[in-house]
Amino acid sequence: MPISPNSVLLEARGISKSFGENKVLENVDFTLKKGELVCLLGVSGAGKTTLFNILSGLITPDSGQVLLNGVNITGRPGKISYMLQKDLLLPYRTVVDNVALPLLVRGVPKKQAREKAASYFQKFGLQGTEKKYPNKLSGGMRQRAALLRTYLASDGVALLDEPFSALDTITKSAMHEWYLDIMREIELTTLFITHDMDEAVKLSDRICILSGHPGKIICDIPVTEPRPRAHDFNLSSAFLDYKRQIAENLIL
Amino acid sequence: MTKKLPSIISKLAPVGTLLTVVLIWAAVTGASLVPSFMLPSPRDVAKAFFGDFPILMHHASVTLTEAFLGLLLGVLLAFLLATLMDRFPILYKALYPLLVITQTIPTIAVAPLLVLWMGFGMAPKITLVVLTTFFPVAVSLLDGYRSADPDAIHLLRSMGAGRVKIFRYIKFPSSLGSFFAGLKVSASYAVVGAVIAEWLGGFEGLGVYMTRVQKAYAFDKMFSVVIFITLISLLLMWGVMGIKMLVMPWERKEKEKKK
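Same order as they appear, the protein sequences are chains A and B. Residues 0 to 251 in numbering that gives the first Met the number 0 are what the first sequence lists, from first letter to last. Residues 0 to 258 in numbering that gives the first Met the number 0 are what the second sequence lists, from first letter to last.
FYI, nobody ran anything at the bench for these hints, they're computed from the structure. Any given hint could be a false lead.
Residues on chain A that point at chain B, a partial pick, calculated with CB under 10 Å [what the hints assert, rightly or not]:
{"id": "1", "residue": "42"}
{"id": "2", "residue": "66"}
{"id": "3", "residue": "70"}
{"id": "4", "residue": "73"}
{"id": "5", "residue": "77"}
{"id": "6", "residue": "81"}
{"id": "7", "residue": "91"}
{"id": "8", "residue": "92"}
{"id": "9", "residue": "132"}
{"id": "10", "residue": "152"}
{"id": "11", "residue": "155"}
{"id": "12", "residue": "245"}
{"id": "13", "residue": "246"}
{"id": "14", "residue": "249"}
Partner residues are not named here, just some residues of chain B that face chain A (Cβ under 8 Å, in silico) [unchecked claim]:
{"id": "15", "residue": "243"}
{"id": "16", "residue": "245"}
{"id": "17", "residue": "249"}
The calculated lysine to any residue pairs, modelled on SDA-like cross-linking and capped at a C-alpha distance of 25 Å, are [stated by the list, open to error]:
{"id": "18", "chain 1": "B", "residue 1": "164", "chain 2": "A", "residue 2": "183"}
{"id": "19", "chain 1": "A", "residue 1": "110", "chain 2": "B", "residue 2": "162"}
{"id": "20", "chain 1": "A", "residue 1": "131", "chain 2": "B", "residue 2": "228"}
{"id": "21", "chain 1": "A", "residue 1": "242", "chain 2": "A", "residue 2": "184"}
{"id": "22", "chain 1": "A", "residue 1": "135", "chain 2": "B", "residue 2": "151"}
{"id": "23", "chain 1": "A", "residue 1": "171", "chain 2": "A", "residue 2": "212"}
{"id": "24", "chain 1": "A", "residue 1": "130", "chain 2": "B", "residue 2": "171"}
{"id": "25", "chain 1": "A", "residue 1": "109", "chain 2": "B", "residue 2": "230"}
{"id": "26", "chain 1": "A", "residue 1": "131", "chain 2": "B", "residue 2": "78"}
{"id": "27", "chain 1": "B", "residue 1": "46", "chain 2": "B", "residue 2": "68"}
{"id": "28", "chain 1": "A", "residue 1": "109", "chain 2": "B", "residue 2": "162"}
{"id": "29", "chain 1": "A", "residue 1": "135", "chain 2": "B", "residue 2": "60"}
{"id": "30", "chain 1": "A", "residue 1": "135", "chain 2": "B", "residue 2": "241"}
{"id": "31", "chain 1": "A", "residue 1": "130", "chain 2": "B", "residue 2": "251"}
{"id": "32", "chain 1": "A", "residue 1": "110", "chain 2": "B", "residue 2": "165"}
{"id": "33", "chain 1": "B", "residue 1": "243", "chain 2": "A", "residue 2": "244"}
{"id": "34", "chain 1": "A", "residue 1": "109", "chain 2": "A", "residue 2": "73"}
{"id": "35", "chain 1": "B", "residue 1": "243", "chain 2": "A", "residue 2": "107"}
{"id": "36", "chain 1": "A", "residue 1": "109", "chain 2": "B", "residue 2": "60"}
{"id": "37", "chain 1": "A", "residue 1": "109", "chain 2": "B", "residue 2": "46"}
{"id": "38", "chain 1": "A", "residue 1": "32", "chain 2": "A", "residue 2": "166"}
{"id": "39", "chain 1": "A", "residue 1": "33", "chain 2": "A", "residue 2": "183"}
{"id": "40", "chain 1": "A", "residue 1": "131", "chain 2": "B", "residue 2": "60"}
Built from N, CA and C at the ideal position, the CB exists for glycine as well.
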C-alpha cells in the first residue's frame, strides 16, 4: 500500500484507561503523519508512560483504538517500539547482537539478522563497534545503538521517551542535530516525550500537551519554523513565543 | 601506577599467611613440642602423600567421578526446578520451603540411610552430592532470574517476544552471574559430599582411604589426604571461575577496562 507524504501513519482514537479507581487517560486523540516529529509534553503524572505503553501494545486501553496505517493494532505488541532514557542495551550481547534483537524476536535467522543490523551501522555512526560489548561505548553511541534497535523493531514509527535527557548538554545538542538528519534519511516518524520545552520547540513539527487528571491532550501547537532550523533559533523571539504559548497552557 | 604495589602485596598476602602457618607448623613439630603421632611434621605429611601417591590417585578418581556426576545431575536438577519455579509462581510458593528444609537435614544423617537404600556402590554417593549441590545452584538461579531488568523484559515484550524468547534473551543470560556464584559454592561442596558418603560405607574413594588411615592411627596419611581434598576442591572452584570467564566474556572485558 503506497503512502502519500501527508497521510496519517499513527492514530490514537479516544483512548481512556483507568487503573482501579484511578483514571489515568481520558479520551486521548492524536495523529502522527508520515515523517513528522511530534512532541508530547506533559507534567509528570499526566499519563505519558501509560500512553506509551498503550501505543506500543503492552497495555490494552479500556476504550479507544490505536491505528497504524489504518490497521487496528490495539493491544498488539511488535509493531511500534520505544526507546527510553535508559538505553537498555543488554550487557551480555555485543552491539550488533543487541541491535539485531528485534529481528531475532521476529524469527529472522541469526546470520541474516546480524547482516541486516550491521548494514545500518555506518549510517548510524556505529561502524567498528559491531563486536564490542555495550560497556565499551560512550553515552551518545549507546543511544544511537538503542535508536537503531528501535528503528529495526518498528514499522516506521518510533516512540522516544526522554531519550537524551541523561546526556550532557553538548552531546545532547549534537544528538538533536544527528537525530533530525537520520530521521529524514530513514523516513522515521517520531513521537517524542519530553518535559524539556527547549527540546520540544527545537525538534518538533507539532507539540501536543498532555495534562490534567485524568490526562487529556489539551492543545496541539504547530511549530511552523522551517527546517533546517538555524543554530540560533533558540535565541530568536519566535522561539520565546512558542515557549510562552506552551507555558501558558501548562499552567492551566 | 601507584596502585600496582598494593595490588601485588594484596595478592601475596594469602600466600604469605599460608607459608607462615606451615613454618610455625614445622617449627612446632621440629622442636618436638607435640608428639609426632599427634601432629606429624610437614615433611612426614609430604612423605606420606608421595609414598601413597598411586593409591591416592586411584581413590581420587573414584571420588572425583562421584563428585562430577553428582554435581552435573545437581545442576541439571537445579536448572529444571528453578526454571519451573520461576515460570509458575505457585510452584515457587509450594516448593521453596521444602528446598530450604532439605538443606537443614544434616548430610551426615542422610548418608547412612542412602547407603541402606542403595547399597555400597556409587549410587548413594552421587545422590548425596546431588542433594548438597543442587540447592546453592537452584537458589542462585532463582535470584538470577528475578534480577532480570523488568524494563528490558517490557522492551522485549513490545517487540512481540513471548515467554520463551524473554527467557532466552533476558532471563537466562541475566542469571549467569549469580548462577556461577552458586556453582562455585556447589563445586566446593561436591567433593566433600562424596567424601562424607564414602566414610559411611564403600570400598573405594578418598573417604574410604580416610577412614582406613584413621583407624590405623596413621596421622601423617590422614593429614596428607585432608590437604589433598582441599586442593582438589580449590582446583574445582578455579575451574568454575575459568568456565565463567569463557562463558561470560563481557565480564572479562569489563575487568580489563577497570585496570
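Do the hints match the structure? See the list:
no.: 1; hint: 42; in the structure: 22 Å, violated
no.: 2; hint: 66; in the structure: 17 Å, violated
no.: 3; hint: 70; in the structure: 15 Å, violated
no.: 4; hint: 73; in the structure: 14 Å, violated
no.: 5; hint: 77; in the structure: 3 Å, holds
no.: 6; hint: 81; in the structure: 6 Å, holds
no.: 7; hint: 91; in the structure: 5 Å, holds
no.: 8; hint: 92; in the structure: 8 Å, holds
no.: 9; hint: 132; in the structure: 4 Å, holds
no.: 10; hint: 152; in the structure: 5 Å, holds
no.: 11; hint: 155; in the structure: 15 Å, violated
no.: 12; hint: 245; in the structure: 29 Å, violated
no.: 13; hint: 246; in the structure: 31 Å, violated
no.: 14; hint: 249; in the structure: 27 Å, violated
no.: 15; hint: 243; in the structure: 12 Å, violated
no.: 16; hint: 245; in the structure: 13 Å, violated
no.: 17; hint: 249; in the structure: 4 Å, holds
no.: 18; hint: B:164 <-> A:183; in the structure: 32 Å, violated
no.: 19; hint: A:110 <-> B:162; in the structure: 23 Å, holds
no.: 20; hint: A:131 <-> B:228; in the structure: 41 Å, violated
no.: 21; hint: A:242 <-> A:184; in the structure: 28 Å, violated
no.: 22; hint: A:135 <-> B:151; in the structure: 19 Å, holds
no.: 23; hint: A:171 <-> A:212; in the structure: 31 Å, violated
no.: 24; hint: A:130 <-> B:171; in the structure: 21 Å, holds
no.: 25; hint: A:109 <-> B:230; in the structure: 43 Å, violated
no.: 26; hint: A:131 <-> B:78; in the structure: 30 Å, violated
no.: 27; hint: B:46 <-> B:68; in the structure: 32 Å, violated
no.: 28; hint: A:109 <-> B:162; in the structure: 19 Å, holds
no.: 29; hint: A:135 <-> B:60; in the structure: 44 Å, violated
no.: 30; hint: A:135 <-> B:241; in the structure: 23 Å, holds
no.: 31; hint: A:130 <-> B:251; in the structure: 15 Å, holds
no.: 32; hint: A:110 <-> B:165; in the structure: 20 Å, holds
no.: 33; hint: B:243 <-> A:244; in the structure: 58 Å, violated
no.: 34; hint: A:109 <-> A:73; in the structure: 29 Å, violated
no.: 35; hint: B:243 <-> A:107; in the structure: 29 Å, violated
no.: 36; hint: A:109 <-> B:60; in the structure: 42 Å, violated
no.: 37; hint: A:109 <-> B:46; in the structure: 58 Å, violated
no.: 38; hint: A:32 <-> A:166; in the structure: 28 Å, violated
no.: 39; hint: A:33 <-> A:183; in the structure: 11 Å, holds
no.: 40; hint: A:131 <-> B:60; in the structure: 42 Å, violated
Taken one by one, the earlier hints fail for this structure at numbers 1, 2, 3, 4, 11, 12, 13, 14, 15, 16, 18, 20, 21, 23, 25, 26, 27, 29, 33, 34, 35, 36, 37, 38 and 40, listed in ascending order.
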